[in-house]
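With the hints as constraints, model all of the structure from the sequences given.
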Amino acid sequence: MIFIALFKQIPDIGHVKIDPSTKRLIRESVPNILNPFDYNAVEAALALRDKLGGKAIAITMGPPHFKQSADEVLAMGVDAVIHLSDRAFAGSDTLATSRALALAVRKFAGKELGAIFAGKYSWDGETGHVGPQVAEMLGLAHVSGVASIEVEGLTAVVDREAEDGVEKIRVDLPAVFTVTDRTNSPRPPGRARGEYIVISASELTDNTSLFGSEGSPTYVADLREEPLERENRVLIDARERPELGVEAILEYIKKALAGGSGESLRQAPPSPSKGGPEIYVLAEEGLSGIRRVSYELLGKAAELAEMLGGSVTAIYGGEEKAEELIARGADKVILLRGADPRDYIAHAEALSSLVLNRRPWAVVAPSTSYGKDVLARVAARLGLGLTADCIDLKVENGRLAQFKPAFGGSVVSIIYSKTYPQMATIRPGIFQPLAPNYNRSGSVEEVRISPRLAILEKRGIEFELPTRNMRGL
Numbered sequence: 058m059i060f061i062a063l064f065k066q067i068p069d070i071g072h073v074k075i076d077p078s079t080k081r082l083i084r085e086s087v088p089n090i091l092n093p094f095d096y097n098a099v100e101a102a103l104a105l106r107d108k109l110g111g112k113a114i115a116i117t118m119g120p121p122h123f124k125q126s127a128d129e130v131l132a133m134g135v136d137a138v139i140h141l142s143d144r145a146f147a148g149s150d151t152l153a154t155s156r157a158l159a160l161a162v163r164k165f166a167g168k169e170l171g172a173i174f175a176g177k178y179s180w181d182g183e184t185g186h187v188g189p190q191v192a193e194m195l196g197l198a199h200v201s202g203v204a205s206i207e208v209e210g211l212t213a214v215v216d217r218e219a220e221d222g223v224e225k226i227r228v229d230l231p232a233v234f235t236v237t238d239r240t241n242s243p244r245p246p247g248r249a250r251g252e253y254i255v256i257s258a259s260e261l262t263d264n265t266s267l268f269g270s271e272g273s274p275t276y277v278a279d280l281r282e283e284p285l286e287r288e289n290r291v292l293i294d295a296r297e298r299p300e301l302g303v304e305a306i307l308e309y310i311k312k313a314l315a316g317g318s319g320e321s322l323r324q325a326p327p328s329p330s331k332g333g334p335e336i337y338v339l340a341e342e343g344l345s346g347i348r349r350v351s352y353e354l355l356g357k358a359a360e361l362a363e364m365l366g367g368s369v370t371a372i373y374g375g376e377e378k379a380e381e382l383i384a385r386g387a388d389k390v391i392l393l394r395g396a397d398p399r400d401y402i403a404h405a406e407a408l409s410s411l412v413l414n415r416r417p418w419a420v421v422a423p424s425t426s427y428g429k430d431v432l433a434r435v436a437a438r439l440g441l442g443l444t445a446d447c448i449d450l451k452v453e454n455g456r457l458a459q460f461k462p463a464f465g466g467s468v469v470s471i472i473y474s475k476t477y478p479q480m481a482t483i484r485p486g487i488f489q490p491l492a493p494n495y496n497r498s499g500s501v502e503e504v505r506i507s508p509r510l511a512i513l514e515k516r517g518i519e520f521e522l523p524t525r526n527m528r529g530l
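Using our numbering, read the sequence shown as starting at 58 and increasing by one per residue.
Read the hints as simulated data drawn from the structure, not as lab findings. Note that CB positions come from ideal geometry on N, CA and C, so glycine has one too. Careful: at least some of the hints might be erroneous.
[As the list claims (entries may be wrong)] So the derived label-pair ranges between C-beta atoms look like this:
#, residue 1, residue 2, range
1, A278, E380, 37 to 45 Å
2, Q125, K475, 28 to 36 Å
3, H122, Y309, 38 to 46 Å
4, A305, P120, 43 to 51 Å
5, L344, E209, 24 to 32 Å
6, L344, P246, 38 to 46 Å
7, T262, P508, 29 to 37 Å
8, R394, S498, 16 to 24 Å
9, Y309, P508, 35 to 43 Å
[Claimed, not checked] Think about it this way: if two alpha-carbon atoms lie no more than 16 Å apart in a straight line, the pair counts; the simulated EDC-like pairs of lysine to aspartate or glutamate are:
#, residue 1, residue 2
10, K225, E207
11, K515, D397
12, K108, E209
13, K378, E342
14, K124, E252
15, K389, E503
16, K225, E514
17, K164, E260
18, K515, D221
19, K168, D229
20, K515, D216
21, K112, E169
22, K164, D263
23, K515, E220
24, K515, E218
25, K378, E502
26, K389, E377
27, K475, E271
28, K451, E363
29, K112, E252
30, K124, D143
31, K475, E453
32, K108, E207
33, K451, D279
34, K225, D397
Structure representation (structure tokens):
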């Protein structure tokens, strides 16, 4: 069996600057590092090779100086590093990058593939697209945000970290897993014995237009620097009673995880819109019902639809009633029935079919584990542009301008899609939801789907307040 680790060299986000005249990143003299989560991806591939036998191969894509990180990975003990390096790859967005990596996996693993590991995201872009998109292109299941993995035979049972808890999922191998620094402890470097192989675009396919700017369905129209400002907030003076400090911190964390509190004073419009461009909103089910971020996106979508003279459709695979989504701004609700509310693979397949047949103007989803997983697979299946982690959306000349932070928030990119529908995920807590209007009317449609994931268990995040030995905190 062959176990693949995907890795990336990135600029140190603390040293990123922009040339004000060209609006491009200044890369000269900026130190480069191996993306931190990718150490864990390499370790995961090595651990399975050591347990089950076979080979561990690491794959990266980038210019020649990426050999710096390739040498680090070789020193960890992989059998080979495959370096995709060609001018044809320059300017690739996440979809074009995923295409190249998927083709490389086919070329070097083929039917011997055991599993693919990648970092949950790269610290420079934080999209989290590549793992799910490579999985979709190879026809494999994937699990993102893996906290632990146990493999017996050709079956893996993993704990997947979500925003509101942990999901235990069983998948058959081969599959794709994205990992974090909690998944394992990477081994120290040793003597490199593996091969270093450079591969050009034409060695992957005759159609090199699949890569680079030409093969990328998104493009960056502008970049701007954003000075990083950190707020120092005093929650409570807990010097005399530390337990009060712990309570205040836990309450602050709970509110942050919930995405804030409070409602917009603006109420959802009294009657649904008719005709015009349609905006799809992927609503997310949490452990306690519809997540607040879904209402935030409905509110923003209603604002955009009003500008366009269009309508808002909520896509929802949970158990709550559709009336709540209508009250919050949806003109129509499409209920996905037959799979677990968190089955992101089944929901991606269903949404792909809806998009292909009905052609909405835009699709937006929460920038959460679930939202990113669904839209990344839809983008890969249909060849669509997707921008992750947006902090704003605007209608500019009839198109969707997507504002995305990068490099730890020090840079904001303004991104457009070349394809329709235009797709984006949005950070929770950015927009205010509309106040519910239960006098609104809207239509409801049910779509039957088949389950694709074996979700064995869901556990919420538990907050426990220590009651003893508080003085030392």
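Hint by hint, where does the structure go against what was stated? Just the numbers, ascending.
When the structure is compared with the hints, none of them turns out to be violated.
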